[in-house]
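Protein chains in written order, with my numbering: chain A, 1240 to 1727; chain B, 56 to 549; chain C, 264 to 753.
Hints are computed from structural coordinates only; laboratory data are not their basis. If you're wondering where the values come from, they're calculated on a predicted model, not measured in any experiment.
Lysine-lysine pairs mimicking DSS-like chemistry, simulated, CA-CA at most 27 Å apart:
id, chain 1, residue 1, chain 2, residue 2
1, C, Lys661, B, Lys250
2, C, Lys686, B, Lys80
3, B, Lys237, C, Lys530
4, B, Lys237, C, Lys736
5, C, Lys421, A, Lys1673
6, C, Lys686, B, Lys214
7, B, Lys80, C, Lys718
8, B, Lys237, C, Lys661
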Amino acid sequence: MSYLELLKLASPEAVVVLTALMVLSIGLLSKRAMAAGGFVAGVGVIISIVTILLLPTNETLFGGMLVISPLASLFKIICLVLAFFTIVLTQTEKASRHAGEYLALVLLATVGLMLLVGSEELLMIFIGLELLGLSLYVMAAFDKADLRSAEAGLKYFLFGSTSSAFTLFGISFIYGMTGATGLAAISTKLATTSVQPLLAVGIVMTLVGFAFKIAAAPFHLWAPDAYQGAPVPSAAFIASGSKVASFVVLGKIVFIGFSPAQGSAGWHAMVAGWSPVLAALAALSIVIGNLVALAQSNVRRLLAYSAVAHAGYTLIGFVAGDREGFSAALFYTTIYAVTLVGAFGVVGIVRRETGGDNFSNFSGLASRSPLLAGCMAVFMLSLAGIPPLAGFFGKFYLFSAALHAGANQALLWLVALGLIGSFVSLYYYLLVLKAVFVDASLLAATRPMERVRSDFLQRATVAVLAAAVVFLGVMPNVLTSRILAAIP
Amino acid sequence: MVGLVTAIILIPLLGALAVCTWPQKNGRPIALVFNVISAGCALMLWRNFDATAIGLQFVERHAWIPSINGEYLVGVDGLSLLLVLLTSLVIPFALLAQPAPDGSRAFYATMLVMQSALYGTFTAQNFVLWFLFYEMSLIPGFLLIKIWGGENRDRASTKFFLYTFLGSVAMLLSFLGIYLAKGTFDFAALANLGKNGVLTGNFAWLAFAGIFVGLAVKVPLFPFHTWLPDAYQTAPTGVSMVLTGVLSKMGVYGFVRLLLPLFPNEIRVIGPWLLALVVCSIVFAPLAAWAQRDLKRMIAYLSINHLGYCMLGLFALAASPAVAARIDAHAALSGVFMQIFNHGITAAMLFYFVGLLEQRRGLRGIDNFGGLMQRTPLLCGWMSVAMFSSLGLPGLNGFVGEFLIFKGSFAMAAAFTAIAVIGLLITAIVFMRVMQSLFSGPLAESCIAFPDLLRKEKLVVVPVTLLMFAIGIVPQFIFNIFNTTVVHMARLLS
Amino acid sequence: MIAWTIYVTFGGAILLLFLPRAYARWIALLTTIGGLILCLVTFVQTPIPDLAHFTTLVRVPWVPALGMNYHLALDGISLTMVLVTGISAVSTVFFSWDVEHRQNEFFFWLLLVVGGCYGVFLSADLFLLFVFYELVIVPKYFLIAIFGSTNKEYGAMKLTLYSFFGGMFVFVGILVAYVAGGSLDLNQLSQFEFSPQLQSWAFPVLFLGFAVLAGIWPLHTWAPTGHAAAPTAGSMLLAGIVMKLGSYAGLRVAMNLFPEGFQMWSKWIAVLAVTGIVYAAAVALRQRDLKFVIGYSSVSHMGFVLLGFATANALGTSGAVLQMFSHGVIAALLFAAAGRMIYRRTHTRELDALSEMNLSHVMPFAAFTFVIATAASMGIPGFSGFAAEITILIGAWKTFPIGVWIAGGGIVLVAAFTLRALKLSFFGEERTEGKIKNGTTLNREQFDPITIPEKIGACMLMLTTFAVGVYPKLLLDRIMPAVETMRFLR
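Kindly produce the complete structure, drawing on both the sequences and the hints.
This is the structure:
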């Protein structure tokens, strides 16, 4: 294996790294760093997507450290697309003094995502996790003028590093017990040995790290502050790209690495393994996320708690434990990410125009900007699971996979919990939409309505994302067939 | 002639539409025109009616709601024809008697819809269709009392509607039960089955009770009569005429057509109780009338009494344990039919006269008048004729019916008939009192300016009174209509 | 061809959003009339034997991995419901002719509801049916919360959350059917033999979910509040058609897929139905607000539908379908008269206030409409309600004789409260110093005359209920064969 061949296989990541470096230099040299840097970053991302398409279909290097498979390629593309939209969103921020650094951080975080997605070996996964994490901590704290941003960054950092420590500890246990770090090798070892307590501890601790990353309860406490305090593009990226990649990796670890230790989470047939652990996480996330979201009056904080709940729904797919479940979970997290980027796009614009993102700032959005109001409606309703939007199909897919999996609908309890959660969530999403659509009539008397100014790029992005949500709801096969085909 | 019956039913509906849409404001001429047309059709019906044939004539039969055996089945026999003729007579009479209280066209339209419902009720031969027309008369009745009535019209109209509706729901449920047991809604078929005992056991009693209650409310029979005095009193004159003249006959018709043929055994079992109820009607009603001050209310109570005679004849025939002689059965039944027709005309006339008095005086209490004989002799004279007819004086139409009923019933249920005679006595007292109060004595202050019968009033009064005399003297021409039907039915019922 | 009703409606809805406000109502009118014409043409042209089976119109793979197809089908029952949707939609647009602000949004949400209803009635794939079923929920919220009247935000939220709550149960039921039956195709699933043990719990879950939208007692409280809060057009559609989505789906999905489960639970359904009939009628008797009276009357009439279903025989079920049609028209007429004709002009719906006005003198056409509507609602023969109710009662007698007597009592109660509403609203009397006047101090000029669109809408509805009442064979001929092929019949 020559370095040139390695470079070819790692070309997507290399392109993005190069782009990051270029953007850094532009930041130093140019006056309009944000625009120019953004343009360059966008182009770089697109080139990277093209290189992925040129890669061979299947390659494994260094015992799983770099894996090129249909699943990895598909999700690298998805992460790059999400990064692209995040970069577009950065343009809504007021010209910040460190545009180059910011964009570079976004791109480096993207590299972390790609490394995560493209690896089936625990150490590499950890590296990717750390690269992603460190970039995100700084991105969260980036707005030095805002106290909230600093708080977000600090909380995120503290939580994040603690859970990274847990993860590393767990990995070391697993290495100690199985003598391997490649996922395939681990699984063969686990198949032969019985699960000893120490091994179980190792597995659980590894899972804890990822539970933090996906903001599953009870490891979610960083999320509200991060979502609310961080600058909008950072929050969007945390909510979308980071989540998607984390789920892909978590899936790989449990399905490939820990597959012999699966266990079962059926109501009458619980067997110890990672499945009941994930089921417990899912149940907790759904309950806590939805209930606390009911009490919120700030849109971003509400989105944070709802993120917790949606992590719970996605985990149901994992609990199902088969191909269909995995595919459903990945589909759901993808459309969720798209929806969140769009929602944050609207939030960013409103925040810039009205100075805040509480419910009162959204009042009467329907009269001030019908396009934004319509798009917000699409996003909120997709999250609530209303057809014909993508969220509805995603939930259906998840729940049917879960029921298919157990014998005699053993996972019905989890599905029922998910449905109850959806029901509760409809209420708070409708509250947001109530502010947007209904309160217009109340406010018109007190305050004249100014139109929300947004330039073409921002409107186009939000509209494209909303259209994507609708499209994926009506023709989900476009995505589901690809995901299902990509899973071995 | 095919379609004649349907034409008779539809013409008043078309008339209602015409009244509403004709540009001219006054609806009365149009309503009368349509009435003339339908009366003409009724006369044609009479002319082509074969008086010797048994069974229905002018039958029209179409499938309507096959899934529940609801057919559009109309036809006439003697009884139906009689009632159709009565309707054709009373309603124009009522329309002439009363200009709409506020000149609105809706009054005439509503009356015409009511008329159509009445025609339908008397000619329908399938329960579903019959029920449709029966209910169809409820809303117009309600509206006529509620909108154009006098004091207390709110309560009176609501009571009228709800009592009748309750009764009809009970009837509906009972008929559904019968349908499910026997699979048909056809009256003729059911009558045949009834002869052989339609239903047995507790269920029969339940169905009987349901239908009985429904019809008893309509007639009305004591103790289901409490809606009537209010309704008759408060309705405008023309409406009262229709209510007493035709609507009450729906109940009696229902008894003859529905209840008696279907439940011969049940009636026989509780016969004495039924007769007791009837006698209460006959005796208590005029007693109540005696106590009234309001003339309209008085006549309302007297209506209950007269309809009681019809019921007496029917129940005596159907409920008597003894096997009645053929001639007595015929007498009773003929008397009932005759009384139906006669009472219709007579009671309508009485209300008309009270209406005339009310128009002149503005009030209608028995104490508001005095000595009218001196001022309006013609009015008093013709009114007395009507009152005597109601009383049952020989030579007038009322006598014929009442005599036959008493003759027939006495043979079949002697004790009850004997008690019922008291009713006659009390009715006489009531009328005498009225005549004395109104006609004789010194002329009251308030009546000095009364005009005697006007020309238009004479045009109405004279022909009808002559008819009353005609029926009283040569009743045969009416008998011919329903003789065959009577024979057939008497055989069925006893 | 009838599938085009869905496309035309949704297309119209989206088109509306982009055109200027003045065109909104015309586009809505053209769209709904187009849909109605398609329904009528199909109604007349389809030979009756073809309507006995649930015949496929369109079947296109959608997500093959999950066995989802875009599958539409038609039978007599669907055709009846599509027809009533069409009639109702057109009259609703007529009665919304004078909406003053945000017309685009108003008609957009309205057309979404109509399109969703068409979709439910024509779906033959479980997932597709559920998509259309849930799609209707959110437009309802916006219609009421933005354009409604009394207590609109509370009413809207309550109605939406209840609908979604029912939807949850439906979701579980559908998932279970899909997982156990291995298919989402309604025709295939209706042949599949589910295990009785599964059916015993899956049926009540599924049926209850649908029945919430149908207003089953005691989960009915959203209906009066929501319908009273909704704008007139909203109430007409919501009470008229959307409630029927629940009962239709209950018939098509719950009862047909889980026949043994249905038989286990049919007695309970009958009990709840009869309780609903009587309870709602009794409560309506005490209401002060006219729209609440009508809202409760809807619950009572839907009780008849559920009773018809519970009889499990062809006659009762056909009567129930006919009642769905009939009530769709009657409810629309009642709300139109109360909301549009009265409220818009007098700005009050309190029966006590209305009874002082003696409206029959100043609004004769409205009075006439309301008289017809109340007569039809009471079940007076000659109108569609009677034909439906008598068929249901005959069907019910075979299986629940006691229920029939109680339902009969319910009919009388219905007549009582309807009469009270009629009396107080239009024929109330002005009282001055204890004496009752016959006329009224209000004169006609004080009120806007009933506009032409309102008259057209009212006449359409009145004609429909009269035509079906006089000649119910028109619909029953198409409904009964379709019902007879269903497998839950005893």
